[in-house]
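**Student:** Line by line, the protein sequences are chains A and B. Just so it is clear: in the first sequence, position 88 is 87 by numbering that gives the first Met the number 0, and no numbers are missing. Just so it is clear: in the second sequence, position 53 is 52 by numbering that gives the first Met the number 0, and no numbers are missing.
No lab work stands behind these hints, which were simulated from the structure alone. From the three backbone atoms N, C-alpha and C, an ideal C-beta is built for every residue, glycine too. Wrong hints could be hidden among the right ones.
What the hints assert, rightly or not - Footprint (simulated), chain B over chain A, 3 or more residues, beta carbon under 8 Å: (1) 67-74; (2) 327-336.
Said to hold, decoys possible - Some chain A residues near chain B, calculated using beta-carbon distances under 8 Å: (3) A51; (4) N79; (5) M80; (6) F82; (7) S84; (8) A86; (9) F88; (10) H90; (11) Q104; (12) P151; (13) F267.
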Amino acid sequence: MSAPLLSIKSVSKKFGAVIALENVSLDLGAGEFFALLGPSGCGKTTLMRCIAGFESPDAGTIALSGVDLSGVPPYRRPVNMMFQSYALFPHLNVFENIAFGLRRQGGKKDAIDARVNELLAMTQLSAFGHRRIDELSGGQKQRVALARALAPRPKMLLLDEPLAALDRKLREETQFQLKEIQRLTQTSFVIVTHDQDEALALADRIAVMRAGRVEQVAGPMEIYDRPATRFVAGFVGETNFIEGRLERNGAAALIAAFGRIPCEPGNFPDGAQATLSVRPERIGVAREGEGIAGVVENFVFRGETTLLRVRVASNIVLRAAAGHGERHAIGDPVRLSFPPGAGTLLKEEL
Amino acid sequence: MSAVVSWARRATLFMGFLFLYAPIAILAVMSFNASRLVSVWGGFSTKWYAALLENEQLLHSAKISLAAALISATIATLLGLLAAISLARFGRFRTRMLFFGAVHAPLVLPEVVLGLALLTCFVAFGVGRGFITLVIGHVTLTMCFTTVAILAALRDSDPALEEAAMDLGATPFGAFVRVALPQIAPAIVTAYLLAFTLSLDDLVIASFATGPGATTLPMRIYSQVRLGVSPQINAISTLLLALVAVALGLAALVSSRRARRDGQVMTSRARAPDNAS
Chain A
0 MSAPLLSIKS
10 VSKKFGAVIA
20 LENVSLDLGA
30 GEFFALLGPS
40 GCGKTTLMRC
50 IAGFESPDAG
60 TIALSGVDLS
70 GVPPYRRPVN
80 MMFQSYALFP
90 HLNVFENIAF
100 GLRRQGGKKD
110 AIDARVNELL
120 AMTQLSAFGH
130 RRIDELSGGQ
140 KQRVALARAL
150 APRPKMLLLD
160 EPLAALDRKL
170 REETQFQLKE
180 IQRLTQTSFV
190 IVTHDQDEAL
200 ALADRIAVMR
210 AGRVEQVAGP
220 MEIYDRPATR
230 FVAGFVGETN
240 FIEGRLERNG
250 AAALIAAFGR
260 IPCEPGNFPD
270 GAQATLSVRP
280 ERIGVAREGE
290 GIAGVVENFV
300 FRGETTLLRV
310 RVASNIVLRA
320 AAGHGERHAI
330 GDPVRLSFPP
340 GAGTLLKEEL
Chain B
0 MSAVVSWARR
10 ATLFMGFLFL
20 YAPIAILAVM
30 SFNASRLVSV
40 WGGFSTKWYA
50 ALLENEQLLH
60 SAKISLAAAL
70 ISATIATLLG
80 LLAAISLARF
90 GRFRTRMLFF
100 GAVHAPLVLP
110 EVVLGLALLT
120 CFVAFGVGRG
130 FITLVIGHVT
140 LTMCFTTVAI
150 LAALRDSDPA
160 LEEAAMDLGA
170 TPFGAFVRVA
180 LPQIAPAIVT
190 AYLLAFTLSL
200 DDLVIASFAT
210 GPGATTLPMR
220 IYSQVRLGVS
230 PQINAISTLL
240 LALVAVALGL
250 AALVSSRRAR
260 RDGQVMTSRA
270 RAPDNAS
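Full structure from sequences and hints, please.
**Tutor:** Below you can see the structure in the form of structure tokens.
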């Protein structure tokens with residue numbers, strides 16, 4: 000990667016006794032779609048507000064294109080933000096909302112009009128330029144907010160829970176639009192979200208945050224398939240945590256209370272206590288044959304898959320996804336199989 | 000509903016309005032009475048209004064009152080705006096509760112006490128009483144009302160709007176002027192009109208705060224009434240009444256238009272399906 004666009008170094012921030020950010024370091028590239036993912040209170044919004052300039056870190060530096068941003072007020076940062084509440088100006092129409100940032104920069108009327116019309120077209124709002132903000136639907140407001148933040152051609156666009164206020168169907172459609180607009184504008188997008196699906200769907204890279212710290216930074220597939228910590232594995236997607244002892248002799252496997260599960264040992268020593276995280280859909284479900292025996296305790300139909308709860312020991316229940324068309328009833332005996340690369344070994348957390 | 004109940008309701012309503020507005024209506028009617036006697040109707044005439052124009056004393060007082068109301072309302076609105084900004088936007092600064100209490104105190108303070116306090120203060124500082132002390136007194140009286148009106152509006156306006164404006168390149172001052180001020184403009188107009196009418200009506204504070212040469216209209220009317228009710232007083236009172244009614248009507252119009260606009264928003268929002276896709 001060439002020199003990062005945004006470089007966050009050892010940033011910490013406290014609010015009274017509450018630690019919002021603790022020694023956070025991140026590098027973001029130009030043109031990247033980056034996600035800050037975490038549960039509420041993990042510090043992701045504080046980090047975004049530090050980048051925008053509404054909060055200043057207690058320690059550490061944030062630099063944009065190599066220029067230290069500390070002490071630079073929000074109105075001089077080439078970074079724009081799309082607010083969760085959209086914060087559209089109710090006394091201005093759609094056109095003037097989008098033109099607001101351009102008018103602050105100065106510039107000719109023709110140039111401003113051209114840029115606003117370009118953005119209206121990009122967000123499919125061309126017919127709505129003269130509408131009042133309160134005459135718009137939720138999805139239209141969201142697009143006005145996006146166009147307004149993009150208008151001054153920021154080096155980086157921050158999006159605070161941009162899809163949270165939309166209903167489910169509209170959200171999926173908007174995800175594609177966001178990706179498309181990001182691709183067209185070649186602008187770095189940083190999205191803050193607590194919704195793992197949103198982060199996985201949109202971002203090139205994801206930083207999973209927890210209690211003011213960054214747990215893992217990686218691409219969506221790696222975050223999902225190779226979570227670095229138990230928290231990441233549990234927060235992103237559904238998973239089974241299987242505890243046991245690693246045996247490296249011959250084909251490596253985890254010795255759990257209910258059986259032997261093949262796995263990739265990584266650099267764990269022989270005999271180490273470890274937790275294996277296995278996604279439900281990576282577990283094979285069959286009526287008979289090889290594998291760990293269990294009994295279907297419950298099931299939930301999910302459309303393309305059926306999620307089974309399978310009891311494999313008196314105190315252990317695993318979740319496994321059966322493919323489309325496979326029918327299982329409560330009480331059916333099943334066999335669970337684990338392909339070697341199915342899970343990720345995690346350190347025991349205290 | 001039976002006819003009797005409905006009739007009784009209308010009668011109650013009528014009695015209520017009669018109780019409230021009969022004195023004012025009689026005053027207004029009597030100002031057009033050709034007879035000098037208050038108790039006798041001598042036919043319709045506007046001669047007392049004509050006579051007003053000749054009455055230098057009354058006209059002078061009217062000018063004093065109008066000037067004091069215009070100036071004090073302007074100052075009180077500006078100070079109220081600043082006080083409201085500090086209370087709504089500056090977080091929990093150390094003396095915030097004290098400041099909050101001090102700003103609101105004149106709301107509950109008896110006017111006589113406030114007037115006396117002002118008088119004592121002017122005397123203690125050796126300030127000669129006149130038009131300027133009158134304006135100061137009225138600013139003290141009306142500033143709490145303007146602060147309350149503007150503060151309520153400022154609390155309703157979303158601080159994220161100002162942040163968004165700053166994010167888009169507006170300075171903090173620019174963000175306030177371009178984004179917050181348009182949101183609270185109706186409240187500022189209302190506050191100004193309220194301060195204006197309060198100042199125009201005031202008798203108590205004016206009696207304490209003003210001096211010779213700056214007698215306000217309510218003071219002039221009050222002192223003349225003690226010598227007997229003259230139809231000229233009826234006429235000037237009717238004019239005063241009309242002025243206050245216009246000011247309050249404007250204030251009501253401003254706030255109702257705002258309310259109607261917000262109401263429209265609610266209904267249109269409820270009606271419009273999400274046609275974004």
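**Student:** All the hints need checking, so say for each whether the structure fits it.
**Tutor:** Verification of the hints:
no.	hint	verdict
1	67-74	holds (count 3)
2	327-336	violated (count 0)
3	A51	6 Å, holds
4	N79	6 Å, holds
5	M80	5 Å, holds
6	F82	5 Å, holds
7	S84	5 Å, holds
8	A86	4 Å, holds
9	F88	6 Å, holds
10	H90	4 Å, holds
11	Q104	6 Å, holds
12	P151	7 Å, holds
13	F267	47 Å, violated
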